[in-house]
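All chains, full assembly: derive it from the sequences and hints.
Residue numbers (this note's numbering), protein chains in the order written: chain U, 1 to 139; chain V, 140 to 278; chain W, 279 to 417.
Calculated from the structure, these hints are not laboratory results. Ideal Cβ positions, reconstructed from N, Cα and C, are used throughout, including at glycine. Everything hinted at is true.
Cut-off 30 Å, straight-line C-alpha distance, at most; resulting in silico cross-link-like pairs (BS3-like, lysine-lysine):
| # | chain 1 | residue 1 | chain 2 | residue 2 |
| --- | --- | --- | --- | --- |
| 1 | U | Lys110 | V | Lys141 |
| 2 | V | Lys174 | W | Lys313 |
| 3 | W | Lys291 | W | Lys405 |
| 4 | V | Lys204 | U | Lys65 |
| 5 | W | Lys313 | W | Lys280 |
Simulated coverage check for chain W against chain U, where a stretch passes if three residues somewhere in it have a Cβ under 8 Å from a Cβ of chain U:
| # | region |
| --- | --- |
| 6 | 307 to 317 |
| 7 | 326 to 336 |
| 8 | 339 to 347 |
| 9 | 385 to 392 |
Chain residues, written in single-letter form:
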Amino acid sequence: MKFLTEHLTFQVKTRRAFVNITPDVKELVIKSEIKEGLCLVNAMHITASVFINDNEGGLLHDYEKWLESLAPHAPTTQYEHNKTGEDNADAHLKRQVMGREVVVAITNGKLDFGPWEEIFYGEFDGKRSKRVLVKIIGE
Amino acid sequence: MKFLTEHLTFQVKTRRAFVNITPDVKELVIKSEIKEGLCLVNAMHITASVFINDNEGGLLHDYEKWLESLAPHAPTTQYEHNKTGEDNADAHLKRQVMGREVVVAITNGKLDFGPWEEIFYGEFDGKRSKRVLVKIIGE
Amino acid sequence: MKFLTEHLTFQVKTRRAFVNITPDVKELVIKSEIKEGLCLVNAMHITASVFINDNEGGLLHDYEKWLESLAPHAPTTQYEHNKTGEDNADAHLKRQVMGREVVVAITNGKLDFGPWEEIFYGEFDGKRSKRVLVKIIGE
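Next comes the structure, spelled out in C-alpha cells:
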C-alpha cells in the first residue's frame, strides 16, 4: 500500500474566490506513483470548500451570487457567531452548501474523471493563508 | 489490496429524476470480492448527484420541489452560465445541495448500511447519456 | 492492510441537536493502530448528518436557525413525505445540506486536521436511538 500526503497553500486576496486546483492535484497523483486508489482533497479550514464542478466563469459567478442569497454576509449582526468578534458566520454556512471535501477515484494512474469535472477550492473568508490537504492511498 | 472500477450509464427521459441504484452497487460489491474496504460512488457529470436517503416517493417529490425553490430553473436568463447557450445553470446549483458522491463502508462483504439507507442517482439535466463511477478498494 | 469498524450510538433528547464526536473518533483512530489511511465517519440514519466545522456555540445556533429557514419543520403538511404518518420530512432535507459523511485523512496515526476542524453529529429527528459508523482503512 502506498500513501501520499501533501498540502496546498492559498492566500486569496479577496474575501471570496474560486480557484481551480485540478493541475495541482494531477501533479500529486503522478508524484504518488499510485495506479489504483482513492484521492481525498479537503479544505483544512472551516470557512472554505473543495468541490467539483465546471470551469466556466459564468457559473462561478452564479455560485457566488446564489450562495450570497442563501447565506448573506450582511448584516453581520444576524449571526450569533459574529458576537465572538468574527464577521465570517456566513462563510461557515456557505461552506456547508459547497462541501468540505471530494473523494476521487484513481484508475490507471489518473484521476478517473468525467468530461467536465474540475476540482475547485472555494474561499469564503480569504485574505489570509489557508491550506488544502491531498491524501492519496492505493497501489 | 483489491480494486474494482465500473461505470453505470443512465439515459433519463425527463430533465429531472431520481433513480435508485442500490441494487447495481450491491451487485458490484459482490463482484469485487472485497470483504473490508470503501466503496466510492460518484456522478461523473456536473449536473447530477449521487446521494443516500430514503426510498419513499413522497420524499423524492419533496426534494424535487425544494430544490426548485432553492435554485429555480426559470427564468433561465437569471444565470450568467446560461449565456454560454446552456439552460442548465440551475442543475449545477441543485447538484451542490445534493452532493457529487457517497463513500460507503464495506464490512463482511456488504455495504455497511443503516436500516433505511439507499443510494440514488439524482439527474438535474437529463435526456442524454450520463455515467456514474463505482470504485471499490479493500481486501 | 488494517481495518477498524465501530459504531457510535446516540439518543438525543431533543428533536434537533449537534454533538461533538471528535474525542470518540480520535480514540478509535488510536484503537485501530493505523498510521496512514482514511477514516470514514457517516450517519447510518437518513435524518442525521456528520459534518466538520467549528466547535463554537453561536455558530451551532446559527446553523440551527439557518437550516430551519431553508427547510422549515412546520407546517408539516407542506411535505408529501409526511403523508406516510411521519413529521420529519424537513429532517431529510436539512441532512442533505449538512451532509451524510466525512472522510478524514490519517497521517502519523492521527486525524490530519486543520486548526479548527471538529467532527459533529447533527441530529434533525431525535428522541430515539441512532448510530454513526466509523470505518478506518490503511496501514
